[in-house]
Amino acid sequence: WQEPIILELSEEGQRGIVFPDVEEELKDLFGEVDNLIPSNMKRKKKPDLPELGQQQVLRHYLRLSQETLGQDLTIDIGLGTCTMKYSPKIHEQFVRNPKIAKMHPLQDIDTAQGILKIMYDFEQIMKEISGMDAFSFQPGGGGMAIYSNASIIKKYHEDRGEGDQRTEVITTVLSHPLNAAAPKTKGFKVINLMPTESGYPDIEDVKAAVSEKTAGFFITNPEDTGIFNPLVKEFIDIVHQAGGLCVYDMADYNGLFGIARAKEAGIDLCHFNLHKAFSSPHGSMGPCCGAQGVTKELEKYLPYPRVDFDGEKYYLNYDRPHSIGKLRKFYGVVAVVLRAYAWTITMGADGLKEVAETSILNNNYLMHRLLKEAKGISVPWGDGGHRLEQVRYSFEKLREDTGVTIDDIDRRVVDYGLQTFFQSHHPMLIPQPFTPEPNESYSKRELDEYADIFVKISEEAYENPEIVKTAPHNGPISKIEDEIIVDPKDLIVTWRVYKRKKGLK
Amino acid sequence: WQEPIILELSEEGQRGIVFPDVEEELKDLFGEVDNLIPSNMKRKKKPDLPELGQQQVLRHYLRLSQETLGQDLTIDIGLGTCTMKYSPKIHEQFVRNPKIAKMHPLQDIDTAQGILKIMYDFEQIMKEISGMDAFSFQPGGGGMAIYSNASIIKKYHEDRGEGDQRTEVITTVLSHPLNAAAPKTKGFKVINLMPTESGYPDIEDVKAAVSEKTAGFFITNPEDTGIFNPLVKEFIDIVHQAGGLCVYDMADYNGLFGIARAKEAGIDLCHFNLHKAFSSPHGSMGPCCGAQGVTKELEKYLPYPRVDFDGEKYYLNYDRPHSIGKLRKFYGVVAVVLRAYAWTITMGADGLKEVAETSILNNNYLMHRLLKEAKGISVPWGDGGHRLEQVRYSFEKLREDTGVTIDDIDRRVVDYGLQTFFQSHHPMLIPQPFTPEPNESYSKRELDEYADIFVKISEEAYENPEIVKTAPHNGPISKIEDEIIVDPKDLIVTWRVYKRKKGLK
Amino acid sequence: MEKRDNVVYPYIPNSVSKIKEEMLKEIGVEKVEELYQSIPKHLRVKGKLNIPGPILSEIELKHHVEGIINQNKSCDEYVNFLGAGCYNHYVPAVCDEINGRSEFLTAYCGDTYSDHGKCQAIFEYTSLIGELLEMDVVGLATYDGGQAANTSIRMAHRINGRKEVLIPEIIDKDIVNQIKEYCDFMEIKKIKANKATGQLDLDDLKDKISEKTACVYIENPNFLGCIEEQGEKISEIAHSYGAEFVVSVDPISLGVLETPAVYGGDIICGELQALGIHMGYGSGLGGIIASKDEEKYIMNFPNHFYSLYENEKGEFGFSRSLNQRTSYHSREEAVEFLGTNVGLWAITAAVYLSLLGPQGMYEVGRNILYKSNYAKKVLGEIKGVEILYQESKSFKEFVVNFDRTGKTVEEINRQLLKEKIFGGYDLSKDFTDLGQSALYCVTETTRKEDIENLAKAVERILLSKDSKGGKNE
Amino acid sequence: MEKRDNVVYPYIPNSVSKIKEEMLKEIGVEKVEELYQSIPKHLRVKGKLNIPGPILSEIELKHHVEGIINQNKSCDEYVNFLGAGCYNHYVPAVCDEINGRSEFLTAYCGDTYSDHGKCQAIFEYTSLIGELLEMDVVGLATYDGGQAANTSIRMAHRINGRKEVLIPEIIDKDIVNQIKEYCDFMEIKKIKANKATGQLDLDDLKDKISEKTACVYIENPNFLGCIEEQGEKISEIAHSYGAEFVVSVDPISLGVLETPAVYGGDIICGELQALGIHMGYGSGLGGIIASKDEEKYIMNFPNHFYSLYENEKGEFGFSRSLNQRTSYHSREEAVEFLGTNVGLWAITAAVYLSLLGPQGMYEVGRNILYKSNYAKKVLGEIKGVEILYQESKSFKEFVVNFDRTGKTVEEINRQLLKEKIFGGYDLSKDFTDLGQSALYCVTETTRKEDIENLAKAVERILLSKDSKGGKNE
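Chains A, B, C and D supply the protein sequences, listed in that same order.
Quick note: the first sequence uses our numbering, first residue 1, plus one each step.
Quick note: the second sequence uses our numbering, first residue 1001, plus one each step.
Quick note: the third sequence uses our numbering, first residue 2001, plus one each step.
Quick note: the fourth sequence uses our numbering, first residue 3001, plus one each step.
Hints listed in this document are in silico derivations from the structure and should not be mistaken for laboratory results.
Some hints here could point you the wrong way.
[Unchecked claim] Over 12 Å on every C-beta distance to chain A, these chain C residues come out as not near it, computed from the model:
1) I2012
2) I2019
3) H2063
4) P2092
5) H2157
6) V2385
7) L2434
[What the hints assert, rightly or not] Label-pair ranges, simulated between beta-carbon atoms:
8) M3299(D) with S211(A): 29 to 37 Å
9) E3315(D) with K489(A): 21 to 29 Å
10) S3464(D) with E158(A): 36 to 44 Å
11) H1473(B) with G3314(D): 17 to 25 Å
12) N1317(B) with K2048(C): 39 to 47 Å
13) L504(A) with K2031(C): 14 to 22 Å
14) G3314(D) with K489(A): 47 to 55 Å
15) L429(A) with E3315(D): 50 to 58 Å
16) E373(A) with K3031(D): 40 to 48 Å
17) E3310(D) with D202(A): 34 to 42 Å
18) K1456(B) with E373(A): 56 to 64 Å
19) S3428(D) with K501(A): 50 to 58 Å
20) K3163(D) with K489(A): 40 to 48 Å
21) K501(A) with S3240(D): 50 to 58 Å
All residues carry an ideal CB built from backbone N, CA and C; glycine is no exception.
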């Protein structure tokens, strides 16, 4: 399809849906609708929304959907750190059931015992998986969960009279950017630790970074390199001794189910992205849920309300005097909690461990094939040993040899029916990076197909680099030469701005 | 996608779904499952079905779906006689509701009052739309409805002692092939009337065809030419005088809602395809429903059971001593009846007439544009006047001028994102035929886009015929040179036959 | 209510007056009526149709329709023991997902290039049914199992020109009536059943078979659930008279039970609905039809064949083939009429068989065997209740006789309904020999406790004195 | 239960032992454990996790989960008069169809080429919200309306460096707490409301505003449903002190009510859920955020911008732009943190606005106006019941006071529950000044007879003596 913008499809007077007519009795009662609106608040110019028949709207968005490579459609291994795994279709029946979809969040708890039970039971499951003592599912995503963790750290130190003193948060430069950005948004100064050749920071650097100003330490383990930091407990001890709290970013927990937990590392707070390891679908970037876990000591700080059980009935507990308050209205994206609950009980303890082990196996198998067969690719850092659930590769050698960059390859994969891959978070310490995560959802055949494509593109780069540089040739659109604007004046995020810039009606 | 056959994707040992384990207690009770199977009936060789993970199965069929041009996805005007119209999405919510989808057909009628009411009420609606006196929704499609009409005709004459005498059925060669095939299957000899230049048979031909052997007359009006036969009443009178019954094929009724009915023409039996004019989706060729309507006199012959109402309760009436019996188990495809009911009450009487009028308008608009702008196209027969809901065009001139055939064009339209079009039923009286039906679901913009594509292809044929002849260039697969087999030995409808012919495992 | 002239219908984009006027102007007429003036006045509808509606708003439509269908009770709400031709098997979510896809739902008869995916899915349906049955030729699914039987019988007739069909005595009355309706030029003879096993009485078969027999038609398992063990012998007898051997199977049994191909079936038919399709009050039916790879069978199929082709690039394509057989191509010269059938159910069955694979088919069959036998056992232990045909093994269904309880099936079922149970199908009208008997069905969706609850409920009902009382409230 | 070694998980294709062994052999290790030996023993989980499951069969999973959720009651079963931030608006079937498409449901952060369709749908979301608000710059939807307010307020702070925010006294306690949590370095001052109108007390505003004021934040309609008519004046006052004017709107009101762009809003935010998204017990929330087309606003958005580009072929493409603002690009140097938000709801809202168009938006607004006013009228006529803020016009929600009835909202709601009605949101805890008041909400899904039934039920409850009795059964 070469599908126009929907506003271009508008045909005056057409309509996609009709609302119930107002009863004559009501019209008689109140007269013109204008009588019900303050005169200066009556909308003067109708919004310039599109006018189309119902099927025309449907057809447009169906076509756009076909131009979207959901994980269901493609071997979506390339989006490392995102754990693009299968979201079972049966779960969609659960969340679309009116008994979930059509529930108002303020309805009497007697009429919401089912969903409250799910939230309560899933908290117990998450406690066991992580070893933490309490969870909140209120954060609307991983970012908000990190923010919420930073909030608790702040409140904790304030309660101990050290609020003004403990103003610094330490993280690693390879941690997800939000581990720097969210604490910063909360008002902390952020110290970034650099990795050594091992892939993780030196213990001396941690010691040098902590001080009486240290409020908290935000760490991911393994980071996007797939290298497990074996010194993490030592790091945490150092921070604890300095009076700081330690936070695990377990957004991408997929390789650790049943193997390693937050508890054993001595962590105080952590979060999981239920839309990643716990299989809730990513939904074209949300909605999602960042499950926030804390120790007993910090439970009182969690956002209100909490779901509690009085032995007879589940209820929403608003009696939370120490709570950091509210991050998101109501109780979070409970549909995601429901899916994650369903997935977890489907797998059980053995299944979860199988998830982790198969992810690790798949990842090492893919790494083995790529390093053996794809020319110009390498894996910096680490000792050349095995990795956990993902790997950050480098195509620097390929670029040096052929001039083909990772951006070129990233467009070229689309020609092979693959989703664009994830290169690396910023800053890009590894040149020409590529970070796939072949989690447990993919079969050996698919892993092989994926590896074959990269081997093929590497061959193309060496033999016919132009074909890679000018890609995509088979995508929904061709390459856009200059897609990076630097001036806000060039920004076009609405059709009205485009029309204005083009001088269109 | 270049998606393999699913059996090629199989990886031994993988599985897509698990069934509940049998309780130990039952295993203890009965021992090995083999104890429950007669020894010679135990399956020895497991069926060679594919073995794949759940998402691998899902992904395969999702990809196949994307290679399918449903009416929702494309301007599906080309399938004349099929009335490819919008099937409202809200109806799918109705039929997928467990209160419909999970009903057993034999459950107590007290627990089925809702669906029985829908069937009963819809019969009343169909009676008014057609002017007939009774309807059965048991036929599983238009073909079965025609067959059922032939059955009633047979029974009717048998009851009058003329069963052996009345062995002939008359139809027109332009009527749907089933009007010949279904009566033939019922045992009748079929006489086909040819059209004159007017597009319909001469009245003298009808007179010549009828005799004391005439059992019935099966006619469509308008036929696929979109020409209304104004003499239909005269034809019917002639047949009636000869002692035959008359049947309207109203499968493609879309252009006549609220304008012309079976009743006024003096028809005895008729049928409607609810998946055409009444908007139930075609479902990749079914399931569907052929609604069979008859006069009061013939009601007793309809298949059993009928849905009746005793003033308090809807019930299934099996007390049908004269019934032709059973065509399909239970009561037909009631999901289609439900959708048709919903559509009909959505539109109401005014809306139905708007459907017919807009279809006629759209059709004449498209004809106007094509004749004016597309070189090499003509409309044989008729007086060059307006048509009803469809038109049979001819590209004979184009073929003569350029060598491009209708088959070439039919592959070329796929490159423009259109569904293959319907040429003509057999025999093809009009050379190089093309029969579009631009029903009310399409907007003016879409009609124009459709016309533009044909104008463009006509230009291509005159300027660069090769591009049309070698099409498709942009379809899921390229042209298959030799796709018509004549020897049954070349038939491959199962993968096992393909493997055998290729000498594969 | 607004005036009609102002109504713009969401399903009719060109119902906008301004657009209509533009189009009329382009055509060169003033009013739409002029475009259909060819319809004589005496054939026109007088006045306006008297039908309900319009209900133009989706909110009100939903309210109205759901208000009606909410009067139904579903097998999610009630525990179901009804079978008899339509079964409450489990429908995997992926089946619903695929057949709900707009592409498959709204496609129709597009072919090789535009509907490549649909054609491939249909080829996969025929291929997987082929594997399940071990048959090489499979036709696109037809209306229902009864129609599949009809066509099989007529195929036999076309092959050998004979006009007698032998069918078992134990058979669904509706199927017999379907055969009578569709094969009305043929003579139907019923073969007796062994009273103890429910299986075919071979002596009676031998008595009745002759050189006039077009085919012997059996069902396995039969209508009352009995597994027929004499397939090979029946095949021998049929073939020794030159008759075709037609077997109707329950496809969901074929993970554990032998395919008729092995015991001599020439044409295999059956009801498709078990394979991933919702019952839908009977909407989910479809007919399987398959045969050996011989010209005499192939050329007598009335159904579409989507044959595989390879083009020069090595791409697979799928195209309707040997179309001269079909009525679309040959009108009255076709072997039988062919209309639109149940393509979406064929695709759904392909998804189902792909999901289950050999292991899933085995497990679902095993599950049904254990649980249906368990139900036989616990019901059979109730005082006065007797399980018939105990000398046969059964699959999924079995007959429960209540003669010695003094209660009718109707009474018992009415009481069960109050406990939210749909009791077994009442056989007392169609199988008068069996007295007060009911056909109970147990599938993989039936839970062990459902069976136990049923048994308890039946026990309670049989003990109670006033169960005759009027209607269900 | 079968041994773990034999379990093949449908969601883990490579859980087949034979495949695993093949892969291990290729890698050159013997056991999977060797691949994670880098994890020190002291950090390992001891033993097996103690969690429920597995429930490997889909049948049992469905039975289990539906068994739990069937304990819920939905707003399909009960008539709902709750609003207060989440609304039972009608969700057109097409919205459900599109956001249920596997493609959109399972896509994530793919970009320009691979997810062209998603990017375009998002661009259409921002474009249509732009038309609805008459604003040029729209950010991708954020977590919820509260977060949108938070970011708007912080944007104001970043623009003018000031740390005071003025908010109305009539506001949801949760929103205040969200602001307190997210803007904790700012000082929040509340502006009084006019007792009769519920609208802002301009005198109090003038008293409290100063050169320290980062922004004046209002909601229109406000939390209690009152339409604020003084937008222009508030704008003038705010601007005269160099403060930004932030307005939170209910997007579904904008077919009939004026957009804040017209009365001077600089940054517009709001809750998205009304636009075609199911409530989902709060799952359906999303935040709208938009501004004028000026650099100071643009560069202070933390959200992704999908900007339109044209390539040489004239094709449109959409790409994330000005990424240096975002935390993905700049870590702690970003304006705020940015995580994954609610992309699917943005796409859904685009579908909703496309379906409704200008006429639909007008009609839905008109419908709500008539019916909510009707509800005010019939409730207001009940003896002892008083509608507050009668001097303002209201949209969708309004306050019903029961002080003179001698009954508490809690009691009344408990009784209404027995009649399958969810009564209005109890304001008695958060708005103590208002006594026993409840916030009632009427949408286009509320039927006239629902309102009449509510009124009758309230009347009955107020007349009854024993309504205090214990818990709802």
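The hints, checked one at a time:
{"no.": "1", "hint": "I2012", "result": "7 Å, violated"}
{"no.": "2", "hint": "I2019", "result": "7 Å, violated"}
{"no.": "3", "hint": "H2063", "result": "9 Å, violated"}
{"no.": "4", "hint": "P2092", "result": "8 Å, violated"}
{"no.": "5", "hint": "H2157", "result": "45 Å, holds"}
{"no.": "6", "hint": "V2385", "result": "37 Å, holds"}
{"no.": "7", "hint": "L2434", "result": "40 Å, holds"}
{"no.": "8", "hint": "M3299(D) with S211(A): 29 to 37 Å", "result": "34 Å, holds"}
{"no.": "9", "hint": "E3315(D) with K489(A): 21 to 29 Å", "result": "23 Å, holds"}
{"no.": "10", "hint": "S3464(D) with E158(A): 36 to 44 Å", "result": "50 Å, violated"}
{"no.": "11", "hint": "H1473(B) with G3314(D): 17 to 25 Å", "result": "21 Å, holds"}
{"no.": "12", "hint": "N1317(B) with K2048(C): 39 to 47 Å", "result": "31 Å, violated"}
{"no.": "13", "hint": "L504(A) with K2031(C): 14 to 22 Å", "result": "36 Å, violated"}
{"no.": "14", "hint": "G3314(D) with K489(A): 47 to 55 Å", "result": "22 Å, violated"}
{"no.": "15", "hint": "L429(A) with E3315(D): 50 to 58 Å", "result": "35 Å, violated"}
{"no.": "16", "hint": "E373(A) with K3031(D): 40 to 48 Å", "result": "25 Å, violated"}
{"no.": "17", "hint": "E3310(D) with D202(A): 34 to 42 Å", "result": "49 Å, violated"}
{"no.": "18", "hint": "K1456(B) with E373(A): 56 to 64 Å", "result": "46 Å, violated"}
{"no.": "19", "hint": "S3428(D) with K501(A): 50 to 58 Å", "result": "53 Å, holds"}
{"no.": "20", "hint": "K3163(D) with K489(A): 40 to 48 Å", "result": "30 Å, violated"}
{"no.": "21", "hint": "K501(A) with S3240(D): 50 to 58 Å", "result": "32 Å, violated"}
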